[in-house]
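A.B. asks: Chains as they are written, first to last, in our numbering: chain A, 13 to 211; chain B, 13 to 211; chain C, 13 to 211; chain D, 13 to 211.
Incorrect hints may appear among the rest.
Any copy, or any two copies together, can satisfy a pair, since identical chains are not distinguished.
Claimed, not checked - Okay, derived cross-link-like pairs now, SDA-like style, lysine to any residue, Cα gap no bigger than 25 Å in a straight line: (1) Lys56 x Ser75; (2) Lys82 x Ala93; (3) Lys82 x Asn174; (4) Lys163 x Pro72; (5) Lys79 x Thr62; (6) Lys82 x Ser94; (7) Lys82 x Glu193; (8) Lys58 x Ser162; (9) Lys79 x Val170; (10) Lys56 x Asn188; (11) Lys56 x Pro46; (12) Lys58 x Arg103; (13) Lys66 x Ala77; (14) Lys56 x Ser162; (15) Lys163 x Pro92; (16) Lys56 x Lys79; (17) Lys163 x Asp74; (18) Lys79 x Val161; (19) Lys82 x Asp100; (20) Lys56 x Pro92; (21) Lys56 x Gly76; (22) Lys66 x Arg103.
Hint data in this document are derived by calculation from the structure and do not stem from the laboratory.
Number of protein chains: 4
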Amino acid sequence: NLTVKSRRSEYFEPQHKFNTTNSFSPQQSLGALPRVFVGHSIYKGKAALTIEPKAPDFSPLDSGAYKLSKEGFVLLQFAPASGVRQYDWSRKQVFSLSVTEIGTLMGLGAKDSCEFFHDPNKGKRRFGFYLAGVQNKLLNVDESIYIPVSKAEFTVLVSAFNYILPFLLGWHAFANSINPEDSSRFNNSRSGADLEWSR
Amino acid sequence: NLTVKSRRSEYFEPQHKFNTTNSFSPQQSLGALPRVFVGHSIYKGKAALTIEPKAPDFSPLDSGAYKLSKEGFVLLQFAPASGVRQYDWSRKQVFSLSVTEIGTLMGLGAKDSCEFFHDPNKGKRRFGFYLAGVQNKLLNVDESIYIPVSKAEFTVLVSAFNYILPFLLGWHAFANSINPEDSSRFNNSRSGADLEWSR
Amino acid sequence: NLTVKSRRSEYFEPQHKFNTTNSFSPQQSLGALPRVFVGHSIYKGKAALTIEPKAPDFSPLDSGAYKLSKEGFVLLQFAPASGVRQYDWSRKQVFSLSVTEIGTLMGLGAKDSCEFFHDPNKGKRRFGFYLAGVQNKLLNVDESIYIPVSKAEFTVLVSAFNYILPFLLGWHAFANSINPEDSSRFNNSRSGADLEWSR
Amino acid sequence: NLTVKSRRSEYFEPQHKFNTTNSFSPQQSLGALPRVFVGHSIYKGKAALTIEPKAPDFSPLDSGAYKLSKEGFVLLQFAPASGVRQYDWSRKQVFSLSVTEIGTLMGLGAKDSCEFFHDPNKGKRRFGFYLAGVQNKLLNVDESIYIPVSKAEFTVLVSAFNYILPFLLGWHAFANSINPEDSSRFNNSRSGADLEWSR
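Please construct the entire structure, taking both the sequences and the accompanying hints into account.
C.D. replies: Written out as structure tokens, the structure reads:
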């Protein structure tokens, strides 16, 4: 059993951050796919955890192509229970996992443990991710929100992370741009200098 | 070897439940992809098992975006054999696997076993998923339908489940909405407040 | 090291079988994606092996939806070497791997071995897939084509098989039809009878 | 811990090679997805490594279909540090990983090590990929750029490689062309000769 622990230090208001996203209006997306918010939640007796992927950023280049400018991430939101199957999201704690931190999680074996730290400004905001049995070592337990994560739930997370990771890296946008019809056009104009990696 | 066991307790008529899906008519789907029913079946001497993913639900938000409202699941249908390579689907038993139950299956090692229970209303309807050799412990074997699942068949299931799981979570809809051209538009209006997770 | 062995018994002419596929003409595919032939090849001193996925079949239903009618497969083509880096494809042997046989391959561990048999008509055509060191047990070695497959090549195959398997099952067509905009329409008309699997 | 080592022998100017790609202009891509450049970077104290997938090539066939003509690859670019969090990309070394070399990496266990060599023309340009602790055996360390790769970073790479590999093989183009509506058309004209692999 794995335990996700969130040590609370500072209040953090994420709605503020997403106001530009919320201002996205339907008429802007003519021809585009609609925005979709997908949070996978794990509800437990003392707290709930919602896990939500956040998109990478791209910048346009002069050539008309695009370039990844910032990798995506996964947002973790922890809310303490306020009653039976009720959670107080006004007291939620929000942390993000970078691509490498996701890799740490995905690589967790049955006997490993790991710890993530987030100290964005000056604060001591922290986030921990432990295998069960390890969290006793921590101080200030009263500030923390613990979410036990079962092996099955962890398997779901790893599968979802494995799926989403290439999107967070923007590799799907590269992959989607590979097109047999375009490729054969480029083919014709390639020179012998490409030979080095044509093995 | 893995054995999928379905213990029959109550009759269950799934057609009834899908009548809204069946009422989907072609003229409603102008410009949309057609519905596709895909059941992967395992046929054995005494029974057959069909495994079919079922889509998640989304709700529209006022902003024009969408939000996952219910995770998808996998439907298991068990039919007893009624002759050589013939199965009596009128006596079928239907159970669903939630995302976490799929995770339990995917995380099954060679020496693990697990058991799922479905008691939706008042009944004692149950569903078991055991590794071979364990099912002897069960009572009421005469009510049950057993499907032995070979290692190769289980590998296929795990691969298919690993594929479909992000769709059941709706993460594909998020992933498909990540678009370099949209992203660069959002980029420009983002404030420095995003820095915390820009690491 | 893994060795792919193909024991030759009967001549087999696959071009014949694909004439309907070859008759696919561009004007039929207005608005559709073009057919793409993708064979991953492993070239060795004594033989070459080409591995190519083949699409599943779907049938239309009266409702306008579609139903998987036949799972896809993977085609293996073995050609003996006829010179340095030259292979005699006129003497090729062709075998197909079903979804479950692909699962057998994907589940192969370092110490496992397995064997596939194909006896379609009356013949004794066979196909073997062995880990290195096992093939000595076989008779009629002179009729056979052996392809040693390195661990790295096998890793590539497993990754490619893991990718393609859901497509062979047709699950991608289901997955692609999951659409937030359609879903919310269906949502509204669903009855409480769905509760059993809404857990 | 894994260490990516790049032994520098010859200068290598990759911009030259991509000039045909750079000549891609927006007006050529009407209706097509834009090109997207996605490099995943690992920044360390002494060097940085950027990993970028490169598309396969396809050739048109007379039938209107396409055929994979060259597998894609992954480009590794190593740059030595020139200051704190600054890297001298003018001294970068560029190597490509073939699909099989990617398979070698993906199959790396905790105790394995492997080495790749690239000797394209006459030179002694080499590229090594070692597990930590092994690189001490190498000579000419002063010519080399070392990048230590943590387990988490390696997990990210393996996940990204596992994702991109089918695209490098072009299997995604095959997969995307599988369409229920097309399939049922082909279905009707198929003859009994297909039976061999319809098992």
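A.B. asks: For every hint, state whether the structure bears it out.
C.D. replies: These are the hints, each one checked on the structure:
Taking CA atoms no more than 25 Å apart as the test, lysine 56 paired with serine 75 passes in neither setting, with 50 Å inside one copy and 30 Å between copies. Taking the shortest alpha-carbon separations for lysine 82 and alanine 93, only the inter-copy value of 21 Å comes in at or below 25 Å, while the best intra-copy value is 34 Å. When the C-alpha separation of lysine 82 and asparagine 174 is checked against a cutoff of 25 Å, the pair qualifies both within a copy, at 19 Å, and between copies, at 22 Å. Taking identical chains as interchangeable, the C-alpha atoms of lysine 163 and proline 72 are never at most 25 Å apart, the minima being 42 Å within one chain and 33 Å between chains.
Taking the shortest alpha-carbon separations for lysine 79 and threonine 62, only the inter-copy value of 13 Å comes in at or below 25 Å, while the best intra-copy value is 30 Å. Taking the closest pair of Cα atoms, lysine 82 and serine 94 come within 25 Å of each other only across two copies (23 Å); inside a single copy the shortest separation is 37 Å, beyond that limit. Taking the closest pair of Cα atoms, lysine 82 and glutamate 193 come within 25 Å of each other only across two copies (14 Å); inside a single copy the shortest separation is 29 Å, beyond that limit. In this assembly of identical chains, the alpha carbons of lysine 58 and serine 162 lie at most 25 Å apart only when taken from the same copy (15 Å versus 34 Å across copies).
For the homomeric pair lysine 79 and valine 170, the shortest alpha-carbon distance between copies (22 Å) is at most 25 Å, but the shortest distance inside one copy (27 Å) is not. Proximity of lysine 56 and asparagine 188 under a CA criterion of 25 Å is satisfied in neither setting, with 38 Å inside one chain copy and 30 Å between copies. Neither within a single protomer nor between protomers do lysine 56 and proline 46 lie at most 25 Å apart by alpha-carbon distance, with minima of 31 Å and 38 Å respectively. Proximity of lysine 58 and arginine 103 under a CA criterion of 25 Å is satisfied intra-copy only: 13 Å inside one chain copy versus 42 Å between copies.
In the homo-oligomer, the alpha carbons of lysine 66 and alanine 77 lie at most 25 Å apart both inside one protomer (22 Å) and across protomers (15 Å), since each shortest distance falls under that limit. Taking the closest pair of Cα atoms, lysine 56 and serine 162 come within 25 Å of each other only inside a single copy of the chain (11 Å); across copies the shortest separation is 33 Å, beyond that limit. For the identical chains of this complex, lysine 163 and proline 92 are intra-copy neighbours only, at 22 Å inside a copy versus 32 Å across copies, given an alpha-carbon limit of 25 Å. Within a single copy, lysine 56 and lysine 79 get their C-alpha atoms only as close as 41 Å, which misses the 25 Å cut-off; across copies the closest is 22 Å, which meets it.
Taking the closest pair of Cα atoms, lysine 163 and aspartate 74 never come within 25 Å of each other, the shortest separation being 48 Å inside a single copy and 37 Å across copies. In this assembly of identical chains, the alpha carbons of lysine 79 and valine 161 lie at most 25 Å apart only when taken from different copies (24 Å versus 36 Å within one copy). In this assembly of identical chains, lysine 82 and aspartate 100 lie within 25 Å of each other by CA distance solely across copies; the values are 21 Å between and 32 Å within a copy. Taking CA atoms no more than 25 Å apart as the test, lysine 56 paired with proline 92 passes inside one copy only; the shortest distance there is 9 Å, against 38 Å between copies.
Taking the shortest Cα distances, lysine 56 and glycine 76 never come within 25 Å of each other, neither inside one copy (48 Å) nor across copies (31 Å). Taking the shortest Cα distances, lysine 66 and arginine 103 sit within 25 Å of each other inside one copy (21 Å), while across copies they are farther apart (34 Å).
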